[in-house]
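Residue-level listing of the chains:
Protein chains: 2
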Amino acid sequence: MPGPTRGDAAGPCPIGRAADVLGDRWSLLVLRGASVGTTRFDEFRAELGIADNVLADRLRRLVGHGLLSKVPYRPAGGGRTRHEYRLTPAGHDVFPVLHALMNWGNTHTTAREPVPAMRLVHSACGHDLGLDGRCPHCARAVPRTEAAWLRPWRADRPEPVAAD
Amino acid sequence: MPGPTRGDAAGPCPIGRAADVLGDRWSLLVLRGASVGTTRFDEFRAELGIADNVLADRLRRLVGHGLLSKVPYRPAGGGRTRHEYRLTPAGHDVFPVLHALMNWGNTHTTAREPVPAMRLVHSACGHDLGLDGRCPHCARAVPRTEAAWLRPWRADRPEPVAAD
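Each protein sequence line maps, in turn, to chains A and B. Under the working numbering, think of the first position of the first sequence as 897, with each following residue one higher. Under the working numbering, think of the first position of the second sequence as 897, with each following residue one higher.
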């Protein structure tokens, strides 16, 4: 029997409502990719090693929940119209959840092979951003356009966060 | 074919590793309950309206990943030994993820019936805490023992966050 805080899609608890959308591993990983500018089906597939039907399902869900918008484009060189998936404002606002997951994962999980920790930095000064989006070094709130992920196992330079 | 950032349990990306543990709706809801002091199987079941086998699976996973510890107790009045599930330090540290989910859910999802928004407040002064755990009113970082969830649809008073 559902109690009053049952975490369903339209219950009174916002954590329950958020978990209904975001409490899914693949959806979080799609949003992680989108946060650094991944937009195309083939790119998500290559990054995630995910089955086509699972990826299609998660993209559809995230579009349905209003976190991604589906935008048509014509591939260079012609061919049939394809679609890109771009973060909406609601999708961009998942960023603090990804940031909190990064911190937790850095602290409480271990990679198979040792790697320097992932960081979220202020691109202007290179210091780590706080969970509230402030740069302690510059002593100010940093817009997301000045934030960058640092993933040392992928790239030497910080990767800018996808702009609104 | 898995790419270098495939979000598996031991890959290089901490968001992937965290999503492997926390990218599950029921696990997040169990941790939400634990964050206000829910410890017993029957209490989780009543709060979540979850099937016994699903709850048992999630508790086992969270114990296995080191977020909950399983502690025996003897019920008042006797009877066979039962177990409580208590947050470990790694479990307590999921708190910022729940906080970020609350913010996202408050902003981007809607309850079936209108309810005042859930808040995370500083119990000493009643002001909202930032994602970094600072109280802007008191201008200081607030230990979790001074944080409280405010869930107006459940209780008039803030509910203290489970202590370490």
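No lab work stands behind these hints: they were computed from the structure. Fair warning: this is a prediction, and the values are worked out from it, not measured in the lab. Note that the Cβ used here is the ideal one computed from N, Cα and C, for glycine as well. Errors might be hidden in some of the hints.
[Claimed, not checked] Restraint ranges, calculated between C-beta atoms of paired labels, are given here:
hint: 1; chain 1: B; residue 1: 1022; chain 2: A; residue 2: 1055; range: 34 to 44 angstroms
hint: 2; chain 1: A; residue 1: 970; chain 2: B; residue 2: 1041; range: 35 to 45 angstroms
hint: 3; chain 1: B; residue 1: 1051; chain 2: A; residue 2: 985; range: 40 to 50 angstroms
hint: 4; chain 1: A; residue 1: 1012; chain 2: B; residue 2: 973; range: 33 to 43 angstroms
hint: 5; chain 1: B; residue 1: 953; chain 2: A; residue 2: 1013; range: 46 to 56 angstroms
hint: 6; chain 1: B; residue 1: 1028; chain 2: A; residue 2: 1012; range: 36 to 46 angstroms
hint: 7; chain 1: A; residue 1: 972; chain 2: B; residue 2: 1036; range: 47 to 57 angstroms
hint: 8; chain 1: B; residue 1: 949; chain 2: A; residue 2: 1006; range: 35 to 45 angstroms
hint: 9; chain 1: A; residue 1: 938; chain 2: B; residue 2: 1008; range: 32 to 42 angstroms
> Within 47 to 57 angstroms or not, the Cβ separation of residue 972 of chain A and residue 1036 of chain B?
Replying inline: 54 angstroms, holds
> Should the hint that residue 949 of chain B and residue 1006 of chain A are 35 to 45 angstroms apart at their CB atoms be regarded as holding?
Replying inline: Because 30 angstroms falls outside the window, the suggested range is violated.
> Taking 33 to 43 angstroms as the hint, is the beta-carbon distance of residue 1012 of chain A and residue 973 of chain B inside that range?
Replying inline: 55 angstroms, violated
> Do residue 1051 of chain B and residue 985 of chain A keep their Cβ atoms within the hinted range of 40 to 50 angstroms?
Replying inline: 32 angstroms, violated
> Do the beta carbons of residue 970 of chain A and residue 1041 of chain B sit within 35 to 45 angstroms of each other?
Replying inline: Violated - the Cβ-Cβ distance for residue 970 of chain A and residue 1041 of chain B, about 58 angstroms, lies outside 35 to 45 angstroms.
> So the hint says 46 to 56 angstroms: do the beta-carbon atoms of residue 953 of chain B and residue 1013 of chain A match that?
Replying inline: Taking Cβ atoms as reference, residue 953 of chain B and residue 1013 of chain A lie about 31 angstroms apart, which means the hint is violated.
> Range hint 34 to 44 angstroms: satisfied by the CB atoms of residue 1022 of chain B and residue 1055 of chain A?
Replying inline: The hint (34 to 44 angstroms, Cβ to Cβ) holds, given that residue 1022 of chain B and residue 1055 of chain A are roughly 40 angstroms apart.
> Taking the CB of residue 938 of chain A and the CB of residue 1008 of chain B, does the distance hold inside 32 to 42 angstroms?
Replying inline: Taking Cβ atoms as reference, residue 938 of chain A and residue 1008 of chain B lie about 38 angstroms apart, which means the hint holds.
> Honestly, do residue 1028 of chain B and residue 1012 of chain A meet the 36 to 46 angstroms range at C-beta?
Replying inline: 23 angstroms, violated
Violation of the numbered hints given earlier is confined to hints 2, 3, 4, 5, 6, 8; the remaining hints are satisfied by the structure.
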